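> This is what each chain is made of:
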Amino acid sequence: MHVISELFSDYPIFGAFKQTIYLTLLSAVFALLIGTVVAVMRVSPVRVLQLIGTGYVNIVRNTPLTLVIVFCNLGLFVQLGISLVDPNSPTSIDDNNFRLAVLGLSVYHASFVAEAIRSGVNTVPLGQAEAARAIGLPFLKTLRHIVLPQAFRGAIAPLGNVLIALTKNSTVASVIGVSESSATMKDMMENRPDVLFVVFGIFAVGFVILTLPVGILFTSLSKRLAVKR
Amino acid sequence: MSAGVLFDTPGPRSKRLYAAVGVASVVILLLILWFVLAKLDDKGQLTAAKWKPFLTGEIWTQYLIPGLLGTLKAAAISTVLALVLGVLLGVGRLSAAKWIRWPSSIVVEFFRAVPVLLMMLFAYALYGHYETFPADQIALAGVVTGLTLYNGSVIAELVRSGVHSLPKGQNEAALAIGLTTGKTMRLVLLPQAITAMMPAIVGQLVVILKDTALGYIITYEELLRKAEQIGNFKSNLLPALIFVGALFVIVNYLVSLAANKIEQRTRRRGRSAGGPLAPDQIDQAAVEVAAANANQANTGQPGF
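Sequence lines, in order, name chains A and B.
Using UniProt numbering, the first residue of the first sequence is number 1, and each one after it goes up by one.
Using UniProt numbering, the first residue of the second sequence is number 1, and each one after it goes up by one.
No lab work stands behind these hints, which were simulated from the structure alone.
Here the structure is a predicted model, which means the values were calculated and not measured.
Warning: the hint list may mix true and false statements.
Said to hold, decoys possible - Covered, in the sense of this in silico footprint (three residues per stretch, anywhere, with C-beta under 8 Å from a C-beta of chain B), are these stretches of chain A: (1) 25-35; (2) 54-62; (3) 70-80; (4) 87-95; (5) 137-148; (6) 201-207.
What the hints assert, rightly or not - Once the Cα atoms are required to be at most 27 Å apart in a straight line, the calculated DSSO-like pairs of lysine-lysine come out as: (7) B:98 with B:15; (8) B:50 with B:39; (9) B:261 with B:73; (10) B:15 with A:223; (11) B:234 with B:43; (12) A:141 with B:168.
No residue lacks a Cβ here, since even glycine has one placed at the ideal position from N, Cα and C.
This is chain A alone, in the form it adopts within the complex (with noise of 0.2 Å):
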């Protein structure tokens, strides 16, 4: 136990699961803003829109997470120059290393939202698209409210799975030097190799404690909410 108290008193455990949350809640918004947008796409009348949105998914799905992120990094900001931050900030470094991996990380997994999103429409009976176009509503009207609000209930179990691999997927960003969990715990290892096991332990453990509840939550949520037909 002793070994343990002196790890977290001389490193920042807690301060690198708080940039894993960070980082997860922010590029989980943006990549479900992102891959609703592609699943609506991909639903559309217009064959280019469905053609755009098929090819998004089936690119970024294919591509390495570890190589989006370093193309971020590498490509966006030190080959061509694309700042997310001021560059006059203190801080600039961190911030765009931090904006530029939330780039990524929801870039990557909004095409597993869309397609989470597209298995919902899929449970989504024929009869409710059928009666919304009965009573007159445009394809986008119907999409709005009568096929969205019932397949985000139905895809509400696989968004928690690309929640939980998002979660552990963030780790990924120690490659272009953000400071969360992955980052300190190599730092941790490079520096205590007499306690390989107790380090790699703790952080383990966190991410047990982040993905668990989640797991939990989004399975009671997704038969609590699930349309009841």
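Once you've looked at the hints, dock chain B against the given chain A.
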């Protein structure tokens, strides 16, 4: 509900509207493309010197092919080990004996909750500290360990839901003709479960292939690392990243196509008793299978 029924067959007015929206989105897409290309050109990223190297044999023999081999090697070893571990853990979770079932469940849940990257970093540090492997193999061992533990537990879940999806009669019939529980599992349930789950298991290959890129972080010589080296060598980092990204997309897309093919074939032959279930059969097991399928095969697994 398929996407196509969200809207009516368009009449003349809708047709014009859809065409207009289509044209507008093409224009917007082209504008974005033009903006990106202009930006790239502006920074001198479109010159022949930066893109030509990919046509030379040197880049392929020195960088791309070794990188691809590194990626495929790590993925292949991990796949085999993950399959073995997955079947063992999956059967373990289904075991009638508490002392096998509980530890298997804990192991599976634990390795699914912990990020692959953390396991890789830990394994890498561990092997480095205790000098378990020769120095030049440590990174590979780290990558393989992380991938095996994570994907092994995912496959264990697939095996488990595959067995759950089988009609109850299969188990009862096997026991009725006098097979032991072990033989029932090995000769009757497992082969059918694995057939039913084959598309999802092949789909998992994409996840393993993508996850090898995490090896970049622990200095494993795979495609992404090679892209960086090409960038340093020819000072064309951006083109190198784009090119390697395209390679990844192509390889993974082919694997997903294979997964879909296998799924279609399984469905057509109706070989698996655990195939698509009728709506009235939907119970917890079916929901699990559907979730696993939706997660793995259709929506893909959000691996790294």
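> Take the hints in turn and mark each one as holding or not.
Hint check:
no.: 1; hint: 25-35; verdict: violated (count 0)
no.: 2; hint: 54-62; verdict: holds (count 4)
no.: 3; hint: 70-80; verdict: holds (count 7)
no.: 4; hint: 87-95; verdict: violated (count 0)
no.: 5; hint: 137-148; verdict: holds (count 4)
no.: 6; hint: 201-207; verdict: holds (count 3)
no.: 7; hint: B:98 with B:15; verdict: 63 Å, violated
no.: 8; hint: B:50 with B:39; verdict: 15 Å, holds
no.: 9; hint: B:261 with B:73; verdict: 24 Å, holds
no.: 10; hint: B:15 with A:223; verdict: 40 Å, violated
no.: 11; hint: B:234 with B:43; verdict: 16 Å, holds
no.: 12; hint: A:141 with B:168; verdict: 45 Å, violated
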